[in-house]
Structure formats: structure tokens, C-alpha cells
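Colleague: Sequence:
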Amino acid sequence: MNILIVETVWMGGARYRFLDKMLLTAFSILPTLQARELAAITPKQHTISVVNERYSQIDYDTAYDAVLINFVTSTAPRAYAIADRFRKKGVPVILCGFHASGLPVEAKQHADSVLIGRNEYGWLSVLQDIHQKKLQPFYQAPPYDRTMQLPPTHVQLPGFVMTGAVEATRGCPYHCEFCPETNIPGGSYLFKRPVDEVIDEIKKIPQKNLMFYDTSLTIDPSYTKELFKKMKGLHKKFFCNGNVDVLAHDPELVCLSKEAGCVAWLVGFESICQNTLQAIGKTTNAVDEYALAVQNIHTNHMAVIGEFIFGFDTDTPEVFKKTLTMIKDLDIDVVDFSILTPFPGTPLFNRLDSQGRILTKDWKFYNMGHAVFTPSHMTPKELEEGVRSIFNEFYEMSFTIKRIIRGLRWGMYTFLVIFARNLVAMMSRGRLSK
1 MNILIVETVW MGGARYRFLD KMLLTAFSIL PTLQARELAA ITPKQHTISV
51 VNERYSQIDY DTAYDAVLIN FVTSTAPRAY AIADRFRKKG VPVILCGFHA
101 SGLPVEAKQH ADSVLIGRNE YGWLSVLQDI HQKKLQPFYQ APPYDRTMQL
151 PPTHVQLPGF VMTGAVEATR GCPYHCEFCP ETNIPGGSYL FKRPVDEVID
201 EIKKIPQKNL MFYDTSLTID PSYTKELFKK MKGLHKKFFC NGNVDVLAHD
251 PELVCLSKEA GCVAWLVGFE SICQNTLQAI GKTTNAVDEY ALAVQNIHTN
301 HMAVIGEFIF GFDTDTPEVF KKTLTMIKDL DIDVVDFSIL TPFPGTPLFN
351 RLDSQGRILT KDWKFYNMGH AVFTPSHMTP KELEEGVRSI FNEFYEMSFT
401 IKRIIRGLRW GMYTFLVIFA RNLVAMMSRG RLSK
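Residue numbers (the working numbering): 1 to 434.
Zero decoy hints are in this set.
Below, computed lysine to aspartate or glutamate pairings styled on DMTMM-like, alpha-carbon distance capped at 25 angstroms:
1) K229 / D245
2) K402 / D336
3) K225 / E201
4) K321 / E289
5) K381 / E177
6) K134 / E120
Restraint ranges, calculated between C-beta atoms of paired labels, are given here:
7) R351 / K208: 42 to 52 angstroms
8) K361 / N2: 32 to 42 angstroms
9) S398 / Q57: 32 to 42 angstroms
10) E252 / K208: 17 to 27 angstroms
11) F138 / D65: 13 to 23 angstroms
12) P77 / P137: 17 to 27 angstroms
13) P194 / C255: 15 to 25 angstroms
14) S125 / N275: 40 to 50 angstroms
To be clear, the hints were calculated from the coordinates, so they are not data collected in a lab.
Positions of the beta carbon are idealized from the N, C-alpha and C atoms, including for glycine.
My request is simple: use the sequences and hints to build the entire structure.
Modeller: Now the structure itself:
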């Protein structure tokens with residue numbers, strides 16, 4: 001069979017400008033993993049074509065036996081439009097992803113079938129049923145157990161020239177209220193691939209630059225240390241996610257990450273308020289440990305990419321100024337600023353919906369850049385303007401150039417990460433959602 005896998009992207013109706021695209025592709029945009037996994041486990045008698053809309057267009061004239069569309073909440077309108085167009089041509093459409101898993105009945109209105117939960121655990125059944133022309137309306141991923149294995153991801157797909165993708169572990173035992181990852185079946189259980197299997201896969205990836213797709217590589221420090229030790233000598237450069245508690249108190253792991261080729265840690269600080277962290281279930285974070293975590297990473301000449309979210313029930317209008325001050329004091333190299341977004345299927349969405357605080361279910365606004373609910377201590381407009389203001393202040397030209405220059409002391413690859421991420425963000429000032 002000839003199968004098309006589509007990965008939708010919301011970009012306000014336009015592709016990135018050339019410079020943005022070049023820099024983001026090289027150092028900022030993370031390569032998607034789902035299509036690689038599905039391609040890797042698909043029997044070889046089938047032909048798989050992949051379209052990621054960030055880089056290429058869909059050819060509706062090609063004869064496909066089925067189309068699988070993977071999407072998140074903000075791209076749901078686009079995914080549904082694509083699905084409707086293929087179904088009008090008589091092509092079976094399967095929808096999957098976090099949004100489809102959270103709202104399968106809604107997704108089914110635009111599809112012949114919906115794959116609920118982890119895509120890879122129902123994909124082979126879907127293929128078999130398509131071939132036998134008995135496609136079911138819903139496929140529920142089976143309950144997780146310890147015997148399940150994560151699929152390989154080394155299949156190379158077009159569109160990502162600079163960055164490869166790999167996943168050593170999957171799942172997260174923590175239960176942050178806003179996170180869709182832990183709110184799908186089995187999402188709170190940590191699966192670990194054999195380290196030697198991961199190393200073999202990394203050796204097959206032709207790109208020098210990698211992104212570890214693990215929710216956090218600090219959940220099991222012993223496992224991660226073994227992985228980093230065996231990565232020495234592979235001559236790869238990579239990004240990975242980590243939590244404050246381990247990054248602050250396990251300097252051996254941080255040092256090993258540098259020796260393995262790490263150039264940047266992505267750290268979900270989320271908030272500078274300890275009460276907020278407790279309320280959302282972010283048990284790995286202690287605000288008074290932020291400085292030590294950043295210091296350990298910088299001591300090993302790696303960049304810190306911090307993530308902060310605004311709009312929690314404890315946030316007041318003063319949170320933006322206080323957060324900016326702390327970020328500057330910590331010398332964080334790159335920051336992603338987001339508006340709290342209640343994704344369907346999460347406890348946050350269910351709570352806010354039951355409280356009547358959801359303002360819109362027009363999914364295109366669920367992109368972490370719009371206030372789609374009523375905050376507790378500010379208006380939606382104040383929330384949006386506050387995030388826009390802190391973004392513009394942090395990426396003000398002179399302050400951004402200072403950060404870029406500071407990155408020179410940490411080596412070429414770390415500098416390039418800091419340079420590219422800051423430059424693209426600085427160019428985005430004035431183009432934020434209003």
C-alpha cells in the first residue's frame with residue numbers, strides 16, 4: 001500500500017522566511033519523531049511518504065491507499081481541512097496525536113478512524129485492517145506493561161538536514177496539571193530502551209546534531225550516566241531536556257553530558273513562585289535551586305534554554321517583571337515564554353472547563369501564545385500583553401547581543417545555538433500575536 005503521513009504545522013498561514021527557516025532548522029526547531037517511528041515499524045511491503053508542512057506541500061493528486069495525519073491542538077483546524085479534502089476523494093483518513101487522543105469523538109467527525117494513545121502501538125493493526133478493508137472507527141493503544149519496547153527512530157526522512165532525532169526513554173512519573181504527555185495511557189510510566197540499542201541507533205544517524213526527544217533525561221540518573229559514558233567518542237552534538245533537582249545536585253551527570261557532546265539543556269523552570277510549582281505538581285523544581293542548576297550547566301560550557309509559563313492561578317500582573325529580573329540574574333541564555341494553555345485531555349482543561357473559565361474552543365488559538373481562558377488575578381488581555389512585554393524586553397537588541405557575545409566563551413557549537421535561537425527570537429519582536 002501507498003501510505004501518506006502528514007505532520008501539520010501552524011504558522012499563521014505562511015512559511016518561515018528563508019533566514020528564519022535556515023537558522024531554526026539548524027539549531028532551533030526540533031525534528032519530529034512520530035513519523036520516523038511509524039516509518040521504522042511499517043512492514044517493508046508498504047510505501048511510506050511523509051510531508052511535514054513546515055518544509056513541503058501536500059500533493060493531493062497522488063494516489064494514496066490511506067492518509068495518517070498527526071496533529072496537536074493548535075493545528076486541529078488544519079488537520080481537519082486536510083482530512084476532509086482526502087475523504088472527498090475517497091481516501092481513508094486516520095487521525096492521531098495528543099488532540100485526537102483527548103477528543104476522539106470530535107476527531108472522528110473528520111476521519112474514517114482515530115488512533116487513541118501512542119501511535120506506534122496501534123499502527124500495525126490499522127495497516128492490516130486497511131488492507132483487509134475493515135478499518136475500525138477507533139483504535140485504543142493497549143494498556144502499557146513492562147514488556148513493551150520503544151520503536152527505533154533511525155529511519156531517515158526528508159526535510160531535516162541538520163538535526164537528527166532519538167529517544168532513549170519515554171514517559172514521565174510526574175503529574176504536572178497542564179502536561180498532555182502524562183495524561184495519555186501509560187504516559188506516567190518511564191520506559192527505558194537498552195543503552196546499547198540506543199547507542200547503535202545513534203551510530204546510524206548521519207547528522208552530527210541530535211535532539212533527544214525524552215521528556216527528561218534526568219528522571220533516572222543512573223541510566224543517563226551509562227548512556228552518556230557510552231556516547232563518548234561518537235562525536236555527536238545534542239540537546240536534551242532535564243529537571244532542576246538533578247541538574248542542581250548531580251554535577252557528575254552534568255559533566256558527563258558535556259563529555260558526551262551536549263551543547264544545551266532545555267529546562268522547564270515554569271515559574272519563579274514556589275507556591276505555583278506546588279499547585280501544578282512540578283515537584284522537581286525548587287526556586288532556590290535554579291541558580292545552582294544554571295551554574296552547573298554553564299561551568300561545563302553548555303547553554304541553558306529555559307522555559308517559563310504564565311497564567312497560573314497564583315500569577316498576578318507583577319509576575320512578569322519579577323520573572324524577567326530573575327532570568328537576568330540567572331544569566332539564562334535562551335528563554336521560551338508561553339501562556340498557560342489548557343490542552344484537551346489534561347486535568348487543567350477539565351478543571352477550567354468545569355469552572356466555566358474556557359473562553360474559546362477555536363483550537364487554532366491553543367498555541368501557547370493566546371489566553372484562551374480567564375486567569376484568576378488578571379484579565380486575558382493583561383496576560384497576553386504581559387507575555388508579549390517580557391518577550392520583547394528579554395530579546396531587546398542590546399541585551400540579546402550581550403548574551404550572544406557571552407556564548408563565545410563556551411565553544412563553537414554552544415555559541416551557534418545561543419546565536420541562532422536569540423537571533424530568530426529577536427527578529428520575531430513585533431511579529432508576535434496581537
